[in-house]
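Whenever a hint applies, use it, and build me the whole structure from the sequences.
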Amino acid sequence: MKLRVLSDYPAIVVLFIWMLGPLIATIYYSFIRYNLLNPRIKGFAGIENYEFLLTDFVFTDSIYNSIQLLGSIIVITVVLGLLISYLLDQDLYGGRLLQLVIISPFFVMPTVSALIWKNLLMHPVNGYFTYLLGLFGLPPIDWFSDIPLGSIIIIVSWNWLPFAVLVFVTAQQSMSQEIKEASKMDGAGHVAFFSQIYLPHLGKAIGAVVMIQMIFHLNIFAEIFTTTTGGPGTQTTNLAFLVYRKALLDFDIGGASAGGIISIVFANIVAIFLLRMIAKNMNSDQ
Amino acid sequence: MKSNRVLLSILGWVIGFIIFFPILWMVMASLKTEIEAVATPPSFFFIPTLENYFVVQNRSDYLNYAWNSIVISVFATLLAILIAVPASYSFAFRPTKRTQFKLVWILSTKMMPPVGVLIPMYLFYKNMGLLDTHLGLILIYTLMNLPIVIWVLYTYFKDIPQEILEAAQMECDGLLNIFLYILLPLSKSAIFSTSLLSIVLIWNESFWSLNLTAFEAAPLTTFISSYSSPEGLFWAKLSAASTLAILPIMFLGWVTQKQMVKGLTLGAVK
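One line per chain: the protein sequences are A and B, in this order. Note that the numbering used here has the first sequence beginning at 1, numbered continuously upward. Note that the numbering used here has the second sequence beginning at 1, numbered continuously upward.
Hints are supplied without guarantee of correctness; some may be wrong.
Below, computed lysine to any residue pairings styled on SDA-like, alpha-carbon distance capped at 20 Å [to be verified]:
1. Lys-126(B) x Val-13(A)
2. Lys-110(B) x Ile-12(A)
3. Lys-97(B) x Val-13(A)
It should be emphasised that the hints constitute simulated quantities derived from the structure, not laboratory data.
Following this line, the structure appears as structure tokens:
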């Protein structure tokens, strides 16, 4: 019994400190006046930081951008992910190798994918896309000024599409071969099979992919940091980038913390659903 | 049916080519001269050169950043494994009424968005002199990956048959002995692949590394982002640096894809 106490306590204790310490500190900072550059600004702020933040147009823009990023990336990755994983399930020539090829982008670090896309592909003069558009006689697109948010959506979706594919491929492996064969014998076409058997079977996996991406993409940062730095204007400033900007560029700790708290609240709403699903899964195992 | 399979295969490989193209194009650009790299129309056929790789090292001290990435990801992983193995062990083999609650609670710490705790961590690190140090990043990454490592190890440990453990209890005395002489040898490969997963995740993490490091302890993620400054647009060199930064980890990624699903979906998908 002694050993048991010794064994899971270190993990619980360090995680407890890691979770609670910064959280309490963020809550505390969000209620005081605190500017790194101007020590004369101090004292209890009440809900001033929140009030200031909530009425700031940059904040409303950043919420709007965050939601747009989340929504678009999730829809793109889930829809394409389902179709590609279904295709991979069709016993293709070199299917296993093809799967490795398709999941590769997931292992590209965000700063690399952002720069490669920004320069080699999306550059308005020398980029590969400009060349492709030229082949069809189309004018070049200046991606990061014409559709800045769209460009970031494309880059992040490219990074995360493999994640959706990987999860769906794993999930469909638990589908019984008999069902597949039986439905083929009944003459079910691809469309019927996909919509009536494949999709329902993957329901849980789709739910997981959506929720996990919601939590991860709240923190999209590297892609924005390396391509647009939040601009032009506020067009690509999301919640994460706003907090970074307030804290490390404007040195407004109070305001930045208020933004942090809002992102925690949002993530928690999502997390509750995800955790319930995981707990349910654990119970059905036993 | 046969022609059907051929058609679907062609479709699959075309999609695969499109998805892989940015990586392929980057590797190709890294083997070109700077002039060829920005040429329009793009050149597909060229005499490959390795010059960029040497220049990247000479000019920017690439190895310094690569070394930082290795040190940080390996030590953070070791630390996480060290804390996680005993915890997962006790969750899997000595479950109590509260085990499920504890496991779910551990996962919940993973759902805290880093941006929510950036401010106190930054100020704390600044006051403690941990900014831009290996130790600083190692600590954060250990804690960040701990839930995933515990979870993946737990699912492995649970698959070890109870009978083996019962037999072990007859043979050995003391839990520590069972742990060291029966369980560890049995789960060597599980621990190894979980470590690889953790290394991949840390290698690519870029929120904390961009915010907490500048040069001394900066890993490759931070190094690559320094190429975003407009005056330094050397595409061939950028591509060479990027290729070096992602290729080794991509191989690890391919090897660990199963653990990746387990780890990232936190057990929601099996």
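Results of checking the hints against the structure:
| no. | hint | result |
| --- | --- | --- |
| 1 | Lys-126(B) x Val-13(A) | violated (24 Å) |
| 2 | Lys-110(B) x Ile-12(A) | holds (13 Å) |
| 3 | Lys-97(B) x Val-13(A) | holds (19 Å) |
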